[in-house]
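Asker: Chain residues, written in single-letter form:
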Amino acid sequence: MKNLLLILNHLKGALILLLVFGAVAGMGMDGVDEADGRLGNVEFTVVQQQMSQIHRAADHDVVFLGDSTALNDIDARELQKIMGQSVVNVGVMAACGTETINGQLDFILHQITNTNADHHPHIIITINPFSFRRLDENLAGFARQNLTGRLQSLSMQRRIRYSIRSLIGQVLTWPLPGSFGVAHGDSRGLVHAMELGNGTFADPNPPLHSVRLTADAVNDVSAIKDTEHQLLANIDAKIIAELRESGCSVDLLITPIPLEISTRSVRQATLSLNDHTVNQLGLNDWLAMPWTMSGEWFANQHLSAEGRATYTKALAIKLQQRYSD
Amino acid sequence: MAFDSIEFVVFFACTVCLYWLLGIRYRAQNALILIGSYFFYGWWDWRFLVLIAGSSLLDFVIGKRLSDSASATTNRKRLVAISVTANLCLLGVFKYCNFFIESLAQLLQLAGIEHGLDTLPIILPVGISFYTFQSMAYTIDVYRGKVTAETDLVTFLAYISFFPQLVAGPIERAGRLLPQFHRVRELTDDLVKTSVMSMSYGFLLKILVSNTCSGFVSVGFHENNVNGWSSILAVLFFAIQIYADFYAYSLIAKGAAGLLGIQLIDNFRQPYFAANPSDFWRRWHVSLSTWLRDYLYIPLGGNRGSKSLLVRNLMVTMILGGLWHGASWNFIWWGVGHGLILVLYHLALGEQWKINISLSRQIILRSATLLWILVSWWLFRAQGDSIIDLASRQFSDFTLLEFHTRFFVTFICLLVLVLSVDAFMEFDREERTRRWLNRPFVFSTTLAILWLISISMFQAFETQFIYFQF
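Read top to bottom, the protein sequences are chains W and X.
Under our numbering, think of the first position of the first sequence as 1, with each following residue one higher.
Under our numbering, think of the first position of the second sequence as 1, with each following residue one higher.
If you anchor each label on the Cβ, the simulated ranges turn out as follows:
(1) S392(X) to G178(W): 20 to 30 Å
(2) N102(W) to W436(X): 56 to 66 Å
(3) E195(W) to I388(X): 37 to 47 Å
(4) V336(X) to E195(W): 45 to 55 Å
With a straight-line Cα cutoff of 30 Å, these simulated DSSO-like cross-link-like pairs (lysine-lysine) come out:
(5) K64(X) to K77(X)
(6) K77(X) to K146(X)
(7) K12(W) to K193(X)
(8) K354(X) to K307(X)
(9) K146(X) to K64(X)
(10) K2(W) to K193(X)
Sample of chain X residues with no beta-carbon within 10 Å of chain W, all distances over it, derived:
(11) M1
(12) A81
(13) F94
(14) A105
(15) Q109
(16) L120
(17) L124
(18) L323
(19) L340
(20) I373
(21) A423
(22) E430
(23) Q464
Just so you know, these hints were derived from the structure itself, not from any lab.
Backbone N, C-alpha and C define an ideal beta-carbon position, used for all residues, glycine too.
I would like the entire structure built from these sequences, with the hints used as guidance.
Answerer: Next up, the structure:
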C-alpha cells in the first residue's frame with residue numbers, strides 16, 4: 001500500500017497540471033474526428049480545400065460538382081485553357097453523400113440570389129454510375145461543418161486537441177498515404193496540385209489492367225438499379241429547378257466506366273438510371289459524352305492521367321458546342 | 001496487447017494496484033506477474049500461450065536436471081543440447097520454415113527443376129525470438145554454473161514471461177532478473193520518478209516520433225516511388241523511426257518493470273553517438289548484442305586466434321544476428337554488411353584509429369559509422385524486395401519536389417527532439433539534468449506536457465511496434 005501511495009504521490013502534480021491544461025481524460029480517445037482534417041488524410045484535405053473554394057464558385061463560368069470522378073476524371077485547368085472560360089471544380093467524393101452535393105448546390109443558389117448578379121454559371125453535376133450512397137459520417141459531418149463555418153460545432157475537448165495538433169502542425173508535416181504521398185507528399189502538396197488544376201487532380205495510382213477492375217465492379221450492377229442507394233438519383237430536384245429559374249444552366253455528366261465491365265445488364269441499368277435522374281431533375285438530357293472507355297485508361301476507379309487528358313479534350317469540344325448554342 | 005493502447009493502460013493500472021496491495025508477499029506478486037503476463041500475451045492469440053508455456057516448462061525441467069546432475073558432464077551436455085535444439089526448432093518452425101521453403105523453391109526454379117513446394121500456414125508468434133533466447137540463455141548459464149537452477153516453477157514462468165519485456169526485450173539474463181523475483185520489492189522516490197519519466201517519454205517517442213516517421217518511410221518505400229530524394233528522406237526517417245520505436249518500447253518496458261519494483265537493463269545507450277562500428281553494438285540493442293557476444297561470438301573463439309578466425313567469428317555472429325531479426329534475405333545482407341564493416345574496422349584500420357585518436361580522425365570515423373548505419377537501415381527496411389530491384393527503382397529519378405523541403409524540416413525537428421534528449425544523457429556527466437528533473441514542479445510539468453502531447457496525438461497514426469515482428 002505504501003508503494004502504491006508513493007506512485008500516486010509522484011503522479012499527483014502532473015495530473016493536476018493536466019487538468020489545469022484542460023486535457024481531461026475523456027479528451028478525444030475516439031479515433032479520427034472532424035478536427036483531424038489535414039492530418040495526412042486525403043479525403044479530409046480534399047473536402048476542406050473544396051469547401052473553401054465554394055465561396056467563390058458562383059464567380060466562375062463553369063462549375064463542376066459531384067463525386068470523386070469530378071475531381072479525378074476532368075482537368076479543369078485544361079478545360080479552361082481550351083474553352084477560354086473560367087472553370088472550377090468543387091466536387092468532393094461519394095462518401096460525403098448526396099446531402100453534401102445538395103448542400104453545395106444550395107450554397108451556390110444562395111450566392112447567386114443574394115448577390116443579384118447578372119453572372120449565371122453553367123453548373124455540371126458530375127457523377128459516376130457506380131457512385132452509391134456509402135456515406136462516411138465523419139467525412140460528411142466534416143463537409144457540413146466546412147460549409148457552415150468550421151470549428152463552431154466542435155466540443156471544447158476537441159478544440160483543445162485540434163489546437164495542439166495545429167500547433168505541432170506548424171512545425172511538422174504529415175505525409176499522405178500510398179500513391180498520394182508519393183505524388184503530392186503532404187496535404188499542402190495536394191492542395192497545391194488542386195489549386196493548379198482548378199479543383200481537380202489526376203489520380204496518382206498507376207494505370208491498372210482492366211481485368212482487375214472488372215471483378216469488383218460487376219457485382220454492383222444490382223446496386224445501380226437500386227435508386228434508393230444511388231448517389232445520382234437522390235439529388236434535390238427542387239434546388240435544381242430554382243437554380244435553372246435563376247438563370248443558371250444545369251447539366252448532368254455521367255463519367256465513364258471501363259468498357260470491359262459494361263455488360264448488357266450494366267448498360268441497361270445505367271441507361272435506366274440516367275433516364276430516371278434526368279426525368280426526376282427536370283432536365284432534357286444528360287451531356288452526351290461516352291460513358292465507357294477502355295480499361296487501359298483507368299487508374300483504380302478513376303481515369304489515369306492519360307485517360308483524363310483524352311476525356312477532358314472530348315468534354316471541352318462538347319461543352320463548347322453546348323454553350324455556344 | 002500493445003503498450004500504446006488503452007487496453008494496456010487499464011491492464012497496467014490494475015496490475016500495479018493489485019501488485020502493491022499484496023504488500024511484501026513477493027511469491028504472490030510473482031504469481032500475479034505470471035497471470036498478468038499470460039493474459040497480456042494471450043491477448044494477441046491464446047494459442048501462443050501453449051508455445052511459451054511449453055518452451056518454459058522444458059527449460060525449467062532441464063535446468064533442474066542440470067543442477068541435479070552436477071558431476072555427469074556428458075549428461076549435462078546432452079541436456080543443454082536438448083534445450084538449445086528445442087528452442088531453435090521452435091524458432092525454425094515458426095519463424096524460418098517458410099523462408100527456407102521459399103528460398104529452396106527459388107533455388108529449384110533457378111536450376112530449372114519443377115517442384116510442388118508451398119509455404120505452410122504458420123502464424124509467427126509475437127516476441128518468439130526474445131523469449132526463446134532468454135529461455136535458452138538460462139539453461140546455458142545453469143550449465144556453465146553461472147546461475148543456480150530455479151526451483152520454483154511459478155517464479156521461473158514469471159521470469160520468462162515477465163510482460164514488460166516479453167515481446168520485444170530487453171533479453172534479460174537469469175543472473176540479473178531471477179534474484180529480483182526472490183526478494184521483497186521496495187519502491188524508492190528515485191525509482192518511481194525514473195520509471196514514470198521513462199514510460200512517459202517512451203509513449204511520446206512512440207506516438208509522436210515513431211508513428212509520424214512511419215508515414216514518411218511508407219512514402220519512400222512505396223512501390224510507386226521512383227524519386228531518389230523521397231527514398232533518401234525515407235531512409236533518414238527510418239533511422240529515427242526504428243530507434244524511436246524500439247527505444248520507446250525499451251523505455252516503457254523499463255518504466256513498467258520499475259513500477260513493479262524490478263529493474264531491467266538499459267537496452268540503448270545513445271547509439272547514434274557511436275564513435276565507431278564496434279561502439280555502435282555496445283549501444284544498440286545491448287541485450288541482443290551482449291547475448292550474441294556471450295553465447296555465440298566468444299564460444300566461437302571471439303577475437304582470440306588468427307585473423308581468419310576473427311573474420312569468421314565476426315561474420316557468423318553478425319549474419320546470425322541479422323537472421324534473428326527476421327526470415328528474409330535483406331536481414332541476412334544487413335548482417336553481412338555489419339560483419340564486413342566490423343572486419344574492416346578491426347583488421348584494415350591500424351591501431352592509430354583506435355588509441356589516442358585525433359579529433360579529425362574521430363570526426364571521420366563517427367561520420368563514416370553514421371553513414372554506414374543509414375545504409376544498413378535501408379537494407380533492413382527493404383523487406384520482401386530484391387535489393388537490386390529496389391535500388392534501381394527507388395533511385396531512378398532525382399527530381400526535387402516542393403514537398404521535400406517540408407519533409408526535411410519535419411525530419412530535422414524530430415531528429416533534434418530525439419538527439420537532444422540523447423545528448424543530455426551522453427554528455428551530462430554531472431547529471432545536472434536529472435537533478436533538475438528532480439524538482440517536483442519541473443518533474444510534474446514535464447510529465448504533464450509529455451502526456452498532453454501523447455494524448456493529443458494518440459491514434460492519429462497507429463503503427464505496431466517494429467520489433468514485435470521479430
